[in-house]
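Asker: Protein sequence lines, in the order shown, are assigned to chains A and B. Take the first sequence: its position 161, counted from the start at 1, is 161 in our numbering, and no numbers get skipped. For our numbering, count along the second sequence from 1 and bump the result up by 459.
In case anyone wonders, no lab produced these hints; they're calculated from the structure. Keep in mind the model is a prediction, meaning the values are calculated, not measured. All residues carry an ideal CB built from backbone N, CA and C; glycine is no exception. Treat the hints loosely; a few may be bogus.
With the C-beta cut set under 7 angstroms, the calculated list includes, among others, these residues of chain A facing chain B [unchecked claim]:
hint : residue
1    : Phe-68
2    : Ala-110
3    : Gly-115
4    : Pro-124
5    : Leu-141
6    : Leu-150
7    : Met-151
8    : Ala-152
9    : Ile-156
10   : Ala-161
11   : Ser-173
12   : Pro-178
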Amino acid sequence: MLAGPGKGAAIGQRNDISSAFPCEKMHEAPMPESSLVMMVNSIGPVVLAVLLAVLGSSWLLPRPRGRFVSGGVTAWIAAAVILAVWSYHRWGRPTLELVGSVLFLLFASAALGGGATLVVQRNPARGAIAFAFAILGVCGLFLLLAAPFLMAVTIIVYAGAIIVTFLFVLMLSQTAGPSDENDRSREPLLGGLAGFAFAGLVLWLLHISSLGNGSTLVRAVEWGEVGRQNQTERVEGRADVDEDREENRSGGTTPSGITPQTQKELLTVLTNAERQKLREALRRLDHAEEILAGDLRQEREKRIGYFETVKDLVIQVVGAAREDEMGAAREGTLSERLVLPVHATEASVPLYRSDPQVRAVMAQVQRVRATNWRTFKHIESQFLSERPEKASMEREVQLLRQELLVLLGYGETPARTVSNLGYVVYSEYLLAVEVVGVLLLIATVGAVTVAQRHTGERE
Amino acid sequence: MIGLWHFLAVSAVLFGLGLTGFLTRRNLITMFLCAELMLQGVALNFAAFSRFHAQMYGQVFVVFAVAVAAAEAALALALALVLYRQARSMDVSVWQSLREAGVPATVDLEPLQIPEVAQEEEEVHLPPAGLRPLDSCTEEHAGV
Numbered sequence: 001m002l003a004g005p006g007k008g009a010a011i012g013q014r015n016d017i018s019s020a021f022p023c024e025k026m027h028e029a030p031m032p033e034s035s036l037v038m039m040v041n042s043i044g045p046v047v048l049a050v051l052l053a054v055l056g057s058s059w060l061l062p063r064p065r066g067r068f069v070s071g072g073v074t075a076w077i078a079a080a081v082i083l084a085v086w087s088y089h090r091w092g093r094p095t096l097e098l099v100g101s102v103l104f105l106l107f108a109s110a111a112l113g114g115g116a117t118l119v120v121q122r123n124p125a126r127g128a129i130a131f132a133f134a135i136l137g138v139c140g141l142f143l144l145l146a147a148p149f150l151m152a153v154t155i156i157v158y159a160g161a162i163i164v165t166f167l168f169v170l171m172l173s174q175t176a177g178p179s180d181e182n183d184r185s186r187e188p189l190l191g192g193l194a195g196f197a198f199a200g201l202v203l204w205l206l207h208i209s210s211l212g213n214g215s216t217l218v219r220a221v222e223w224g225e226v227g228r229q230n231q232t233e234r235v236e237g238r239a240d241v242d243e244d245r246e247e248n249r250s251g252g253t254t255p256s257g258i259t260p261q262t263q264k265e266l267l268t269v270l271t272n273a274e275r276q277k278l279r280e281a282l283r284r285l286d287h288a289e290e291i292l293a294g295d296l297r298q299e300r301e302k303r304i305g306y307f308e309t310v311k312d313l314v315i316q317v318v319g320a321a322r323e324d325e326m327g328a329a330r331e332g333t334l335s336e337r338l339v340l341p342v343h344a345t346e347a348s349v350p351l352y353r354s355d356p357q358v359r360a361v362m363a364q365v366q367r368v369r370a371t372n373w374r375t376f377k378h379i380e381s382q383f384l385s386e387r388p389e390k391a392s393m394e395r396e397v398q399l400l401r402q403e404l405l406v407l408l409g410y411g412e413t414p415a416r417t418v419s420n421l422g423y424v425v426y427s428e429y430l431l432a433v434e435v436v437g438v439l440l441l442i443a444t445v446g447a448v449t450v451a452q453r454h455t456g457e458r459e
Numbered sequence: 460m461i462g463l464w465h466f467l468a469v470s471a472v473l474f475g476l477g478l479t480g481f482l483t484r485r486n487l488i489t490m491f492l493c494a495e496l497m498l499q500g501v502a503l504n505f506a507a508f509s510r511f512h513a514q515m516y517g518q519v520f521v522v523f524a525v526a527v528a529a530a531e532a533a534l535a536l537a538l539a540l541v542l543y544r545q546a547r548s549m550d551v552s553v554w555q556s557l558r559e560a561g562v563p564a565t566v567d568l569e570p571l572q573i574p575e576v577a578q579e580e581e582e583v584h585l586p587p588a589g590l591r592p593l594d595s596c597t598e599e600h601a602g603v
């Protein structure tokens with residue numbers, strides 16, 4: 001279904017980032033007279049999907065007679081396909097990361113299919129099994145979201161809950177033949193309308209807020225995709241990256257700032273701004289082949305300038321290796337944010353972290369610093385020499401690229417999020433943990449109290 | 460690439476499905492499971508925002524939500540058990556006498572379709588050990 005247009009997009013994406021966001025370009029242009037038509041065009045599929053889903057649910061929900069199963073299933077599948085195609089065209093091309101996309105589709109369809117089966121299944125025992133599949137799908141999505149701890153917790157808690165529910169079904173709800181509770185629904189049409197109209201409204205809201213019309217929240221959560229384009233233009237237009245940095249700080253595209261000393265910002269290893277810079281550097285290293293093509297003895301300044309931009313981008317994040325010609329050694333934003341400054345007096349100690357994750361990150365920062373310095377020096381000296389060696393320069397570029405990827409990975413590796421989660425829970429939310437523990441205890445006692453048989457009459 | 464919006468869309472549809480089921484189904488246990496489905500949609504939302512803000516707060520929220528959901532599950536199932544003891548049915552409409560004043564009662568007009576029980580074939584009865592069988596097969600044998 002998705003393979004045809006995706007291939008073309010994959011080729012286009014590599015050369016031109018902006019071509020992957022045609023909708024944003026389209027909606028950014030102010031066209032008030034045709035905005036209603038555009039809105040209908042863009043949101044029409046969602047309305048259609050919601051109507052189909054309501055129709056399907058009114059056919060599929062249990063009722064004594066006149067249940068139209070094949071029609072309902074067809075309507076739901078049509079609604080799901082319409083929604084999938086719509087979100088595919090609206091929010092990017094999922095075929096770029098093939099494995100991730102396939103897993104996402106698999107888990108999402110397991111979650112939605114399980115949920116749908118639970119809603120329309122007459123037999124509550126089968127409904128419980130379908131719910132288990134929905135939970136497994138959601139757990140897969142949790143894994144894709146780098147939340148392995150949540151996956152484990154959900155499986156453990158809900159597996160227990162489902163087994164208990166299953167026992168309840170077996171004990172209480174085993175009725176021979178049709179029964180009121182399993183074969184009737186309250187207001188299938190209106191109930192379906194309520195549920196799916198809600199889902200459609202949320203999707204419409206997502207659609208509106210993802211247009212990228214100046215909301216900092218939206219820009220922050222987009223992995224910096226919109227901001228990255230702006231930054232590319234800016235960096236290419238100017239040699240002085242310091243100015244760029246200032247502009248970034250005041251521009252509002254990076255709400256996380258550069259030197260935040262708030263506890264909130266400490267807990268993220270890489271802020272969105274740093275991520276953007278590293279990704280931009282990586283993108284440029286990926287395209288280094290084009291710069292290293294042709295006769296290397298010509299246009300030396302331009303080629304060196306290309307790599308200098310990469311060096312400056314990396315330096316902004318990790319700092320400079322030693323005092324270079326330009327001036328004093330610079331601390332990168334990472335160490336400014338995460339590490340206790342050497343000159344901090346007792347009164348002005350800012351917040352800092354000393355957990356293993358930060359130590360690992362800072363070790364990698366040292367490596368990136370050294371590699372960055374060496375790579376740039378090597379490339380510069382090669383370009384300035386009589387016979388530049390293309391192979392050795394490419395090797396150095398590859399080395400820097402690998403170190404950068406590892407550094408990016410420290411902010412993203414799922415295995416590290418578990419310890420990070422523990423750090424947050426037991427440092428900031430200790431009181432909440434205690435409260436939840438008490439709540440669980442009360443709930444247990446309450447459940448026992450509610451469920452016990454009252455023997456007061458006998459005494 | 461799979462972005463934040465795809466996860467949000469999935470969680471919205473999950474919540475909508477759970478809402479539909481909770482509003483329309485009449486079995487207490489199915490209603491309970493549908494409520495859990497809604498909770499999963501919300502949890503997915505939190506986790507997605509947590510991932511795409513590169514912060515842990517969303518996951519912390521989900522951890523607490525799961526803990527509260529466990530407490531809720533214990534109480535809900537205990538309540539279902541008590542209700543079943545009172546009415547001998549898992550049907551929530553049994554309890555519609557608790558509805559607000561002035562709201563008309565729901566009456567099930569459509570009769571349930573009781574499937575016709577197929578005529579069971581006569582099962583073969585084994586004779587008790589030690590007794591002479593008295594069925595037709597023994598008569599055949601006697602005839603031989």
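Asker: Does each hint hold? Answer for all of them.
Answerer: Hints, verified against the model:
1. Phe-68: Violated, about 15 angstroms.
2. Ala-110: With Cβ-Cβ at 11 angstroms, over 7 angstroms, it is violated.
3. Gly-115: holds (4 angstroms)
4. Pro-124: holds (5 angstroms)
5. Leu-141: holds (6 angstroms)
6. Leu-150: holds (5 angstroms)
7. Met-151: Status violated, d = 9 angstroms.
8. Ala-152: violated (11 angstroms)
9. Ile-156: violated (9 angstroms)
10. Ala-161: This hint holds: Ala-161(A) lies near chain B, its Cβ roughly 5 angstroms from the closest one there, short of 7 angstroms.
11. Ser-173: With a minimum Cβ separation of about 5 angstroms from chain B (threshold 7 angstroms), the hint on Ser-173(A) holds.
12. Pro-178: holds (5 angstroms)
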